[in-house]
Amino acid sequence: MTWRLAMLEAHPRHAGVLKLAAEKAGWDRPLEPGKDGERRGRGVAVHEAFGSFVAQVAEVTVQNDGRYRVDRVVCAVDCGIVVNPDVVRAQTEGGVGFALSAAMSEAITFTDGKVDQSNFHDYSPLRIADMPEVEVHLVPSTAAPTGIGEPPVAPLAPAVVNALAAATGKRVRRLPIGQQLAS
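By the count of numbering that gives the first Met the number 0, the sequence shown reaches residue 182 at its end, each step adding exactly one.
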């Protein structure tokens, strides 16, 4: 975290969301150990889009066979003056769900130039039971209001793969993650 913050010295709004997300996620405290050999990890990512700044800390648990779950995502959002905090929270939570679905399992494949998937029986978006706990923390600001639709989407996959690397020592280099950690 110290290194990341040092790299952001000239970018106070990036650093601000990173500090807030790290604080709220308890970055300076170790995660509770996993059960029966499960490994746990935290990862972080920061993103700027449409004038807004978002940092996310993801916490994961990885089982011995490589199956994993995202347990918690802590988000810090600086989108200028927050006109409606409930809308910002809802957009952020929805962005996390959308991004997590894409990062974990959503894939469109082709055979002879045709899409293989035809409906939800062979296309697997995130199910409600797989949605992690999501915390959204808003940065007080006097800056002009900015976009909140897309900014929470982009940092989720990097935060999750960083958490998986912290838990397993293995780097995921392509999406969707799927079963890349399977033993």
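Keep in mind that the hints were calculated from the coordinates and are not lab data. Incorrect hints may have been included.
Stated by the list, open to error - Once the Cα atoms are required to be at most 20 Å apart in a straight line, the calculated SDA-like pairs of lysine to any residue come out as:
1. LYS23 x GLY36
2. LYS23 x PHE49
3. LYS18 x VAL114
4. LYS34 x LEU4
5. LYS23 x ARG66
6. LYS169 x LEU4
7. LYS23 x ASP115
8. LYS34 x HIS136
9. LYS18 x ARG66
10. LYS18 x THR60
11. LYS23 x LYS34
12. LYS18 x LYS169
13. LYS23 x ASN63
14. LYS18 x LEU30
15. LYS23 x ARG173
16. LYS169 x VAL82
17. LYS18 x PRO157
18. LYS23 x LEU180
19. LYS23 x ARG88
20. LYS34 x GLY65
21. LYS23 x GLN62
22. LYS18 x HIS136
23. LYS23 x ALA165
24. LYS23 x ARG3
25. LYS18 x GLY65
26. LYS23 x VAL87
27. LYS18 x LEU180
28. LYS34 x ARG3
29. LYS34 x MET0
30. LYS23 x GLU132
31. LYS169 x LEU180
32. LYS18 x PRO29
33. LYS23 x GLU37
Said to hold, decoys possible - What follows is a list of derived Cβ distance ranges for each label pair:
34. ALA143 x ASP115: 44 to 52 Å
35. ILE127 x GLY25: 33 to 41 Å
36. PRO144 x LEU4: 22 to 30 Å
Idealized CB from N, CA, C, for every residue including glycine.
Going down the list of hints, with the structure as the test:
1. LYS23 x GLY36: 27 Å, violated
2. LYS23 x PHE49: Roughly 24 Å separates the two Cα atoms, so the pair is violated.
3. LYS18 x VAL114: Given that 20 Å is the threshold and the Cα spacing comes to 43 Å, the pair is violated.
4. LYS34 x LEU4: Violated: LYS34 and LEU4 sit about 32 Å apart, past 20 Å.
5. LYS23 x ARG66: Between LYS23 and ARG66 the Cα gap is close to 27 Å, so the pair fails against 20 Å, i.e. violated.
6. LYS169 x LEU4: Roughly 24 Å separates the two Cα atoms, so the pair is violated.
7. LYS23 x ASP115: 42 Å, violated
8. LYS34 x HIS136: Given pair LYS34, HIS136 is violated - Cα atoms ~29 Å apart, limit 20 Å.
9. LYS18 x ARG66: With a Cα-Cα distance of about 30 Å, the restraint between LYS18 and ARG66 is violated, given a limit of 20 Å.
10. LYS18 x THR60: 23 Å, violated
11. LYS23 x LYS34: Cα-Cα ~24 Å, so violated.
12. LYS18 x LYS169: 26 Å, violated
13. LYS23 x ASN63: 29 Å, violated
14. LYS18 x LEU30: Satisfied, since the Cα-Cα distance of roughly 18 Å is no more than 20 Å.
15. LYS23 x ARG173: Not OK: LYS23 and ARG173 at ~29 Å, beyond 20 Å, violated.
16. LYS169 x VAL82: Violated, at roughly 41 Å.
17. LYS18 x PRO157: Answer holds: LYS18 to PRO157 is near 17 Å, not above 20 Å.
18. LYS23 x LEU180: At roughly 28 Å apart (the allowed maximum being 20 Å), LEU180 and LYS23 break the hint.
19. LYS23 x ARG88: Roughly 15 Å separates the two Cα atoms, so the pair holds.
20. LYS34 x GLY65: 14 Å, holds
21. LYS23 x GLN62: 26 Å, violated
22. LYS18 x HIS136: The given pair, whose Cα atoms are some 11 Å apart, holds under the 20 Å limit.
23. LYS23 x ALA165: 19 Å, holds
24. LYS23 x ARG3: 17 Å, holds
25. LYS18 x GLY65: 31 Å, violated
26. LYS23 x VAL87: 18 Å, holds
27. LYS18 x LEU180: 30 Å, violated
28. LYS34 x ARG3: At roughly 31 Å apart (the allowed maximum being 20 Å), ARG3 and LYS34 break the hint.
29. LYS34 x MET0: 27 Å, violated
30. LYS23 x GLU132: Roughly 13 Å separates the two Cα atoms, so the pair holds.
31. LYS169 x LEU180: 8 Å, holds
32. LYS18 x PRO29: With Cα atoms ~17 Å apart, LYS18 and PRO29 stay inside 20 Å; holds.
33. LYS23 x GLU37: 24 Å, violated
34. ALA143 x ASP115: 44 to 52 Å: Holds, since ALA143 and ASP115 (Cβ atoms, about 45 Å apart) stay within the stated range.
35. ILE127 x GLY25: 33 to 41 Å: 26 Å, violated
36. PRO144 x LEU4: 22 to 30 Å: The hint (22 to 30 Å, Cβ to Cβ) holds, given that PRO144 and LEU4 are roughly 26 Å apart.
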